[in-house]
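**Student:** What follows is each chain in one-letter form.
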Amino acid sequence: MSVMKRVSLIFKSKANKALDKMEDPRETLDYSYQRQLEMLTQVRRGVADVATSRKRVELQMNALQQQQTKLEGQAKQALGAGREDLAREALSRRAALQSQYTDLETQYHSLQADEEKLTAASQRLQAKVEAFRTQKETIKATYTAAEAQSRIGEAVTGISEEMGDVGMAVQRAQDKTAQMQARAGAIDELMASGALDDVTGPPRDDIQAELDQMRGGQDVELELERLKGEIGGAPKREIEGGQVDGAAQASPATPAEQPQAGESS
Amino acid sequence: MIVRILGEGQLRVDDSATDELNVLDAALGKAVDAGDEQAFRPALAALLGRVRTLGTPLPEDAIEPSDLILPYADAGLEDVRELISGEGLIPG
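Order-wise, the sequence lines are chains Z and G. Mapping the first sequence onto our numbering, position 140 (from 1) lands on 140, and the numbers just tick up by one. Throughout, our numbering is defined as the position within the second sequence, counted from one, plus 1000.
What the hints contain is simulated information worked out from the structure, not anything from laboratory work. From the three backbone atoms N, C-alpha and C, an ideal C-beta is built for every residue, glycine too. Among these hints, one or two may not hold up.
To be verified - Here chain Z is said to cover these stretches of chain G; the calculated rule only asks that three of the stretch's residues, wherever they fall, bring their Cβ under 8 Å from a Cβ of chain Z:
#1 1004-1018
#2 1027-1035
#3 1061-1067
#4 1071-1085
As the list claims (entries may be wrong) - Computed cross-link-like contacts, EDC-like style, restricted to lysine to aspartate or glutamate with a CA-CA straight-line distance of at most 20 Å:
#5 Z:K5 with G:E1060
#6 Z:K12 with G:E1082
#7 Z:K176 with G:D1079
#8 Z:K5 with G:D1019
#9 Z:K5 with G:D1061
#10 Z:K5 with G:E1082
#11 Z:K176 with G:E1082
#12 Z:K117 with G:E1008
#13 Z:K117 with G:D1079
#14 Z:K55 with Z:D24
#15 Z:K76 with Z:E230
#16 Z:K17 with Z:E27
#17 Z:K176 with Z:E154
#18 Z:K14 with G:D1014
All chains should be modelled from the sequences, with the hints used to inform the complete structure.
**Tutor:** The following block contains the structure:
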């Protein structure tokens, strides 16, 4: 049998069961309305869950991006200092983060789409619930139990179908969100364990440590040169040594002697 | 007739489209019954696409049962199988 018809039949039998349950059709209306309000709450909660999940992914994306920017800076710094090996290491770590980032980006767009769909579904249901409430009051005020029977069939079947649809959409979104939460949790754990961020995290950042060490080494060498000049140098050197301390004094010779070599590495 | 695409809402489609939709629906049904993944996705996309093109969305506050109900757009073959078996997919 046709897919469309089979799906329709499943929904109809579900709605019919709801209708059959009640002795007084007017009770059916009230019961159905209560269910609609519950479903509305459920959908809104679903939208909020998806939004929370999306924000979490967004935060992780930002964190990864910051780390990538930092690694790129380190690669530049390493290249500037002639350390291509270190630059290569920084860039390859950045590439690894990029693939994580791309994965998160896909999740983000998927969550965003879910959020939009659920929001639209929530608005549709809201509009229908309001319309149903009006119809329900009219039917209850106007008809006897027997007359109401035929009147409520369509309304209840229609709204029950809507609720089934929305309920499934919420369920799907929540299943997906739960999966993504698990993956987001895994990335959080990776970051916490240092597998991802000890690349750049201050305490365990080996690339930065090596760059700092290099710079420190150069500074020491520079300082050594300066001291050597001060102790054993010609009178001209002594003057220059004095000028380094009193840096405000301008002299053509000074810029070359300033510890700028350390800065530019 | 009124057609619902699950997850998207209801559309009013002229009855004259019935034959055309039945052909697309039959192709989808065949793919589902045969468990043919490759045929399934394009068949579902074709059916939904045609309904979206031919149909006019119902007003948001309309409460009407649908004549036909179609699976949601990103449903997989297994999802559709569960859907038509009626097991556990529709809450409430």
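**Student:** Each hint: holds or not?
**Tutor:** Quick rundown of the hints versus the structure:
no. : hint                : in the structure
1   : 1004-1018           : holds (count 5)
2   : 1027-1035           : holds (count 3)
3   : 1061-1067           : holds (count 7)
4   : 1071-1085           : holds (count 5)
5   : Z:K5 with G:E1060   : violated (23 Å)
6   : Z:K12 with G:E1082  : holds (16 Å)
7   : Z:K176 with G:D1079 : holds (14 Å)
8   : Z:K5 with G:D1019   : holds (14 Å)
9   : Z:K5 with G:D1061   : violated (24 Å)
10  : Z:K5 with G:E1082   : holds (14 Å)
11  : Z:K176 with G:E1082 : holds (17 Å)
12  : Z:K117 with G:E1008 : holds (8 Å)
13  : Z:K117 with G:D1079 : holds (18 Å)
14  : Z:K55 with Z:D24    : violated (47 Å)
15  : Z:K76 with Z:E230   : violated (35 Å)
16  : Z:K17 with Z:E27    : holds (14 Å)
17  : Z:K176 with Z:E154  : violated (33 Å)
18  : Z:K14 with G:D1014  : violated (26 Å)
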